[in-house]
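Protein chains in written order, with numbering that gives the first Met the number 0: chain A, 0 to 644; chain B, 0 to 644.
No wet-lab data here; the hints were simulated from the structure. In this text the structure is predicted, and so the values were computed from the model without any measurement. Treat the hints with care, as some may be off.
As the list claims (entries may be wrong) - Over the 10 Å line for every Cβ pair with chain A, so calculated as not near, a few chain B residues:
id	residue
1	Pro239
2	Ser245
3	Glu300
4	Asp320
5	Arg328
6	Val541
7	Arg542
8	Leu561
9	Gly603
Said to hold, decoys possible - Only some residues are given here: those of chain A computed to face chain B with a beta carbon under 8 Å:
id	residue
10	Glu292
11	Arg301
12	His313
13	Trp533
14	Gly543
15	Leu559
16	Pro562
17	Gln564
18	Thr565
19	Tyr602
From the three backbone atoms N, C-alpha and C, an ideal C-beta is built for every residue, glycine too.
Read off the chains here:
There are 2 protein chains.
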Amino acid sequence: MTSFSTSTEPSPNGLRVGSRPVAPANARIHGVDVSSYALDGAGFWGSRQRVNGTATIAHCLEWMERLGWIENFDRIARGDVTRERAGWQFSDSEVYKLLEAMAWELSRRADDELAGAYARLVARVAAAQDDDGYLSTAFGHPGLPPRYSDLAMGHELYNIGHLLQAAVARVRTYGTDDLVAVARRAADHVCTRFWDDEDGLCGHPEIEVALAEFGRALGEPRYVEQARRFLERRGRGRLPVRPLLSADYFQDDAPIREADVLRGHAVRALYLSAGAVDVAVETHDGDLLAALERQWSRTVERRTYLTGGMGSRHQDEGFGDDWELPADRAYCETCAGVASVMFAWRLLLATGDVKYADLIERTLFNVVATSPSADGRAFFYANPLHQREEAGEAADGVNHRAEGGVRAPWFDVSCCPTNVARTLASLPAYLAAEEGDALILLQYAAGELTGRGLVLRIETDYPFDGRVRVHVVEAPDEERTLRLRVPSWAEHATLAAPDAAPTFVEAGWAQVRRVFSPGDVVELVLPVGPRFTWPDARIDAVRGTVAVERGPLVLCVESLDLPPQTRIDGVRVDTRFEPRPDADGAVVSVAMAPERDPRGWAYGPVPAESPQERRSEVRLIPYHRWAERGPSTMRVFLPALTARS
Amino acid sequence: MTSFSTSTEPSPNGLRVGSRPVAPANARIHGVDVSSYALDGAGFWGSRQRVNGTATIAHCLEWMERLGWIENFDRIARGDVTRERAGWQFSDSEVYKLLEAMAWELSRRADDELAGAYARLVARVAAAQDDDGYLSTAFGHPGLPPRYSDLAMGHELYNIGHLLQAAVARVRTYGTDDLVAVARRAADHVCTRFWDDEDGLCGHPEIEVALAEFGRALGEPRYVEQARRFLERRGRGRLPVRPLLSADYFQDDAPIREADVLRGHAVRALYLSAGAVDVAVETHDGDLLAALERQWSRTVERRTYLTGGMGSRHQDEGFGDDWELPADRAYCETCAGVASVMFAWRLLLATGDVKYADLIERTLFNVVATSPSADGRAFFYANPLHQREEAGEAADGVNHRAEGGVRAPWFDVSCCPTNVARTLASLPAYLAAEEGDALILLQYAAGELTGRGLVLRIETDYPFDGRVRVHVVEAPDEERTLRLRVPSWAEHATLAAPDAAPTFVEAGWAQVRRVFSPGDVVELVLPVGPRFTWPDARIDAVRGTVAVERGPLVLCVESLDLPPQTRIDGVRVDTRFEPRPDADGAVVSVAMAPERDPRGWAYGPVPAESPQERRSEVRLIPYHRWAERGPSTMRVFLPALTARS
């Protein structure tokens, strides 16, 4: 178990409201503090959080120094910036996301070196701020375009939004510091500048979710109101549309309360939706909340991959039409996974509906966990479900964002590494929650959880093993409810209360309510054996195929696990035989389609025949681990021997 | 039958080498002159050529006047151009493609109004040319970026290429005129500027194919050599790659003789390949020709749609990986169809291999003919094989190029209308050829064809009827071969020589050799009844589906033809019953899958079941006619009731 601090000394300035990323006052349920759930360093999530803290954060810092993205702030302070500044117009946001990750990480463990790096970075950012609070390294200074001269694509407010989110992390885990002061001045500037500007909105949403949370964190309703104003202005075609784009790219095609599904650029749509839930909850706007729930439902039903990935189009990095879910060209940007967790988390807090926690689990295990390499120094940007051709090795330098098949140390557009970093650093806050006298286990991760007077030690090898043992370490002398999520895929799960026999529990919430005593054990057993999963017939791209899941994990076949001289696209699964568990994956029975001679033309008068010969077995591995052993081809959905349409 | 001129008076300057777009000296077979094949105005192609000449050409001229793309030339002449000029940096090319269309059209029929419009347009272009031959409205003048300051994306040489192609049309149908003189000065300028510049190549190929042909037309080997130099320079990573692009976008990733398949931007790859065939033929470079044949074969086998459409990615308008052929996101740009015909035509002339003529037929009927509306004033830019959602009506103004489902009068990038115009205006040249004593019918279109001393009257309702009657109107007193293409899909085709019984002929070439007499009739009967066509099992996107073809036509189901309350995605074809002919389409037996209640999640433990109830019949129409009756959804590949994988 990693050392960590659960410091409970009072905040330096009393602003601390709990060290959690999202803290609505009037939600249905409440997340726990980041510091309330100490993850075991050897567990699935604890090990990733450890690598994130010790490797990924330093990796991101090194890259942004090397590329000059941090020096951009120094150049503003020195006054020698030019249009040839380093990086895209949104590079500031990467620095802020890294600061957010650092702030969360510093709340988890004392690290003087990290604290020093944080302080130095804050100082460099602070030095670039204008007297009136404006802060940008790409606009608004001599040699650069004027302030807010390209609201549609300039990302100025988007950048400031990430600054505010970093400040939220800091003020809630530490209290006011220079970063928080910088963020407050920036937020005040934004309100002054945009309060009454009916055309003022940013092409990339983010400022909305950030202002809402920063307003909560500082008890400043003006910030929430500014977020509301940004939201309501959107969807009226006010952003100038560039050639080859359309207004739905940045969700300016329809007011958010009138839309019926997410569309356009996936990360934009999801950040916007997350901010809209915050505004709906803060302003008691039930209609808006209901609209967002409807949009989430249709999006998840018809525009979401088995992995939880969202965004099926490389073009515009956007959502496709309903049921347009190609496996090979699945974009499934890592950042869209992060943003989907943000959106679903806020809906979960607002409604308490277990379905949101189900999607969060799926997305965490199959998108967020897929992106970083085991050493935390390389990342997937896009997360396709089918890799047709072996990728080359990643470039040592900056990589194209959408290259599939290989994790890369850095990208031209490098939003994903820092987004993974801030998510893993704050992850414990998303794993448990409280409601009334109930402590709720939303996700299962080995570690120690404190809440509602209970101290629980959670032992599990989930997701590879389905047994979750909850040991009561401390308990108050009054009744408490221990509520556990039973995932929607879990048939015949069992729950055993202390000293009682296991009983079957349905998918949804299961719970034990009693006066707990130290030494009590509650045991949940989830059936994580491998199972076939079939796609809806309306998803044309995967007709006639089947996937294999194991607990919350989506599995895949990687070419490295095939018999010699076997093409991955020739594998046909015989679904008469159930998949068998194998290490952390599964084994399925297959027939191998022979390689056919090229016919010159891919369309002919005879249907393709199912191969009946060359029967074999093939091993599947967790999707999040693919491409770890070098270049390969890969499939999640495998053609079934006997397909139906 | 439309009036037309088959003027045989000598060219004003003797340069005329036959009014054909492509005239290699040492090809295996030779195309006929545009003026040698007069199409019936009521036939499939003749009616399209008539509408093109009377409506489309004027439509394009009106739009380019309205948008200021022509005035750009006046502004250069007046010296008052600015960076805020109208249109993209390649708008000049649209003016040149229109001039090419006008030149071909003027060779077909006398039209004083059109001749006047042509002359006025040439004068405006000529006035913008610099003294040294340079010609551009987007670069190289005060207020604009310097000449050749953005070779990768600036399109200066691309534009000049289309100027030369227009001049080829003019010099071969009329002789030297002001346009030809302008083009000659421009070509000389290009050779002077780029002869020894090893880094000098254009991001968008076109100058290569244009220089090669202009060199042939003027007997100027220097132009062909410049084309060869451009070709050989390419593929060595010399073009600067923009962020988010890669070198294969403009085929600068590998030398053309080393590549094994077309990749990157489809139109660029195909124009480049067409020019490379020209250079290979002119320089007797058998290795290069062989490389291009291999690339064509793999591209057609693995990266081409049933329609002949190429380019499966909206992103970069490019080729995807082998077998990456989604029906819904098929880009299949109309211009890529035109460019594919250009490439295949040159390979056909070089080799005489019938497979190239087969692909040309498929592409003409299912891509080129699909783009324009019946009135010739609206166009498809992209040609997907599956429309999931009904499109809105096209905007009256400029439309997004890639909006599916509706033909639009004009686009932000409007390359397709003028490309259709120049192709239809010169179409007869692609329908027949000559080799030795043989006159070859490559495609079947009603009209009158002259060649090898024969005058033939071709009567047919092809492709709706498979009977092609070739009447000999005039014939020389010596043996001639009449060779006819039997398409690869044609099983049990028959050919009847004059006064002989029909005999079965295999796919490929069939022929009659004899001393023909006026009054002789040769009759070819092609089986154009509807048939099922199955995709290769490696095309994941259409697994478990079947298409219906009828002769050379790909058919489709349009939602307007379904029973009420039927979703197009619920149609399942029962392939136990052969499709029946119906009007110009077909009827298939189907079962209708019931609309299911949303399940909230599209992936589950039970395979989709085949519907066995609600049996019905559904009408299919030719794909090229879809979306003519208002917004609809559409599919080419339909799920089969009993699928195989």
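These are the hints, each one checked on the structure:
1. Pro239: Correct as stated: the minimum Cβ-Cβ distance to chain A is 14 Å, above 10 Å.
2. Ser245: violated, 6 Å
3. Glu300: Answer for glutamate 300 of chain B: violated, closest chain A Cβ roughly 5 Å.
4. Asp320: With a cut-off of 10 Å, aspartate 320 of chain B comes too close to chain A, as the shortest Cβ separation is near 4 Å.
5. Arg328: violated, 7 Å
6. Val541: violated, 8 Å
7. Arg542: violated, 4 Å
8. Leu561: holds, 16 Å
9. Gly603: Since the minimum Cβ distance to chain A is about 6 Å, glycine 603 of chain B lies within 10 Å and the statement is violated.
10. Glu292: Violated - the Cβ of glutamate 292 of chain A stays beyond 8 Å from chain B, reaching only about 12 Å at its closest.
11. Arg301: Interface hint status for arginine 301 of chain A: holds (7 Å vs cutoff 8 Å).
12. His313: Given a least distance of 4 Å, the restraint on histidine 313 of chain A holds.
13. Trp533: It holds, given that the least Cβ distance between tryptophan 533 of chain A and chain B is near 4 Å, below 8 Å.
14. Gly543: holds, 4 Å
15. Leu559: Check failed: Cβ of leucine 559 of chain A comes no nearer than 19 Å to chain B, outside 8 Å.
16. Pro562: violated, 19 Å
17. Gln564: violated, 17 Å
18. Thr565: violated, 14 Å
19. Tyr602: holds, 5 Å
In summary, the numbered hints that this structure violates are 2, 3, 4, 5, 6, 7, 9, 10, 15, 16, 17, 18.
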